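S.K.: Model the placement of chain B on the given structure of chain A, informed by the hints.
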Amino acid sequence: MKSVRYKSVLGLAIGERSLLAAEVVMGERPVVRRVAELEYPPGVSPGEASQFGPALDSLRKKHGFSTRATVVGLPARWIVVKQKDVPSTDATTLAGILRTSAEGEFSSELKNMTFDYIESQPSAAGKTVLLVGTPKKYIDAIAAACDTAKLTPVAITSSALVLGAATGNSSKPAGLVLAIGASGAELTAQQNGAPSAVQHLRAPEPSAPFVSAIRRAVSTMPSPPGGREILVWDQTGLDAQALGQQLGMTVRAGELSSLGVEVAIPSLNGTAGRYAPAVALAMSMLGEARPGVDFLHSRLAPPRTHRLPRWAYLAIALGVVLIGLGIYSYVTLSAQQTALANAQNNLKPMTDNLAKAKSFIAQVSYAQAWQAGDHRYLACLKGLTQALSDDDQTYAINVTLKEVPRSGTAAANLVDGEKTPPSGALAGTINGKATDPNGWSKLQSKLQKSQALGFTEVQLHNTTNADRSSEVSFSISFNYQQPAAAH
Amino acid sequence: MLSLTKRERNLAIGTGVTVGALLVYFVIISPLQQAWSDVESGQRAIVQQQHDARLVFNNRDHLKKAWETLTKSGLQSDASLAESQALNAVSRIADRAGVMGVALKTDSPSTEGSFVVKGVQMSGKGTMRQISQMIFLLESAPTPLRIVSLTISPQREGTDDLTVQMSLSTICLAPPPPPKTGARS
Chain A
0 MKSVRYKSVL GLAIGERSLL AAEVVMGERP VVRRVAELEY PPGVSPGEAS
50 QFGPALDSLR KKHGFSTRAT VVGLPARWIV VKQKDVPSTD ATTLAGILRT
100 SAEGEFSSEL KNMTFDYIES QPSAAGKTVL LVGTPKKYID AIAAACDTAK
150 LTPVAITSSA LVLGAATGNS SKPAGLVLAI GASGAELTAQ QNGAPSAVQH
200 LRAPEPSAPF VSAIRRAVST MPSPPGGREI LVWDQTGLDA QALGQQLGMT
250 VRAGELSSLG VEVAIPSLNG TAGRYAPAVA LAMSMLGEAR PGVDFLHSRL
300 APPRTHRLPR WAYLAIALGV VLIGLGIYSY VTLSAQQTAL ANAQNNLKPM
350 TDNLAKAKSF IAQVSYAQAW QAGDHRYLAC LKGLTQALSD DDQTYAINVT
400 LKEVPRSGTA AANLVDGEKT PPSGALAGTI NGKATDPNGW SKLQSKLQKS
450 QALGFTEVQL HNTTNADRSS EVSFSISFNY QQPAAAH
Chain B
0 MLSLTKRERN LAIGTGVTVG ALLVYFVIIS PLQQAWSDVE SGQRAIVQQQ
50 HDARLVFNNR DHLKKAWETL TKSGLQSDAS LAESQALNAV SRIADRAGVM
100 GVALKTDSPS TEGSFVVKGV QMSGKGTMRQ ISQMIFLLES APTPLRIVSL
150 TISPQREGTD DLTVQMSLST ICLAPPPPPK TGARS
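Listed in order, the protein sequences are those of chains A and B.
Here numbering that gives the first Met the number 0 is used: the first residue of the first sequence is 0, the next is one more, and so on.
Here numbering that gives the first Met the number 0 is used: the first residue of the second sequence is 0, the next is one more, and so on.
If we strip away everything but chain A, and leave its shape as in the complex, we get:
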């Protein structure tokens, strides 16, 4: 259970006819700030949440209880107790032993009961625990009533056990603690600093049967080491000394200050002791203190059983993660597909414009071939002139230049409704004569080396020496593509 420090706690001690409430605030010495008593209206029972809840809520509002954290004490009549000797062992093993023991002791009622236990000081032989149980229906009813009254139940325990434990640990400890109410009394025995027994007794009136009941109860309880002294917390105005004389035992009345609290309510005028059960309940949860028995956080609650092994949980978690990823992926994919479809739809109107633009580009590109500024014939003639030697030994007779027709496929194909423009390349033939036998080869060599000027595929076709002189006729073909820089 998570450790919480409560600075103020409301104690509610449920009785058979009335409920005692006390609000205790933490300080250097805890202070009882408010107390109240709720006498149940006719038809209201604390075991019935539907009636008890509104009554509790009106009590809270009427007396101005501002604390939400509440410790509820059940009457002794609602609980069953069994003392058990157990070996000294760890808490988990002890809980297992007590759970098994409870199954044996209360098997028929176990399903509807909530159990917890109080340990005594361990001895060499082991230790004694007090097994305490109460029907679940009371726990549920009280939790529901607190919810209706906007209170937060932080513990549900036994008023008698908490009061007994508080008295046992007080400045004036006593072996037996008797809390007397108008409708009944609760007797608790202390042993080794822990409650060892609790009994519900009849109402204090008439006196004789009540005294007899106390005698019987005391005789069944183990005799405490300090002798049989009874500490009485009385709500009815009983004379403690007279009771002691009747019982033949020492009886003294309890004082609230012995529980270690201050009472800041002057109107109580010496009657503060009647609220001792509620104060003890609030004190049991104040600061880091916790009551010995807490049905709300029972240590004997059956451990959670795992239906599935650990690996199955991991597998399920992995499966859930994978399914989540799959769903995320699918959703994202769908969104992307939608976005893609939208983008494709948006492109459709552009397609017509695009086709017109391409057609326009092809049209202009074609027509640009007839535009001024492309001096390829002049550039080709200039190149040929430069290549011919200026020694009058080699000269051209005939020059033919013509456009290289487009390749068959390009010539036939239309690009976006337009013919591809002419290539711009020229094919040429130069026929000439050279008096120098090597003149033609010099010309051919010069043309071959002048690729930077645009001449390519320079080929000699024939050379003839027809008239038996040293003059040689030749024919050279070439291709010409005007260099880009010359445009």
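These are calculated hints, taken from the structure and not from any lab test.
No incorrect hints appear here.
Distance windows between CB atoms, simulated: (1) Ala354(A) <-> Glu67(B): 18 to 28 Å; (2) Leu54(B) <-> Gln336(A): 26 to 36 Å; (3) Ile27(B) <-> Lys6(A): 51 to 61 Å.
Please read all numbers here as calculations on a predicted model, not as lab measurements.
Note that beta-carbon positions come from the ideal geometry of N, C-alpha and C, so glycine has one too.
M.R.: Structure of chain B alone, referenced to chain A:
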């Protein structure tokens, strides 16, 4: 109930997990991967199309200016006007360059896309300087003219008296195609 040894159980679990993983892969992961791949390639194609389209539109905008220049500098929409314009231009240029004995002849027109191409045959006589001057002027002329072929040969071997024969072409816009008639019933 069938009892399995630990080894058998582990084998069964391993087989089950493997089969399950394969099923998940082939039924879910693989189709999802394929779909993602399709979407990604579609997105890449869209981006490429948009990029290409942008280039085309930019090119079109750039060529609008060139088209304006072409139309302003004499691109005709009538074939006979274009022919007349070309003949005048060649004759004037030859005269300006000093090429003598110019003879001009036209070819029959041919339609090339949205243009009509008209051929012009030209011959003349002159020196290499005059012929070069004429070629320069023809290639610089604002009139849509294009030299298709050129032959230069001497009138008399060893002299600068040359004969030039040229094949030129000019273009004009083709008349718009007649509107399509509806299908006959």
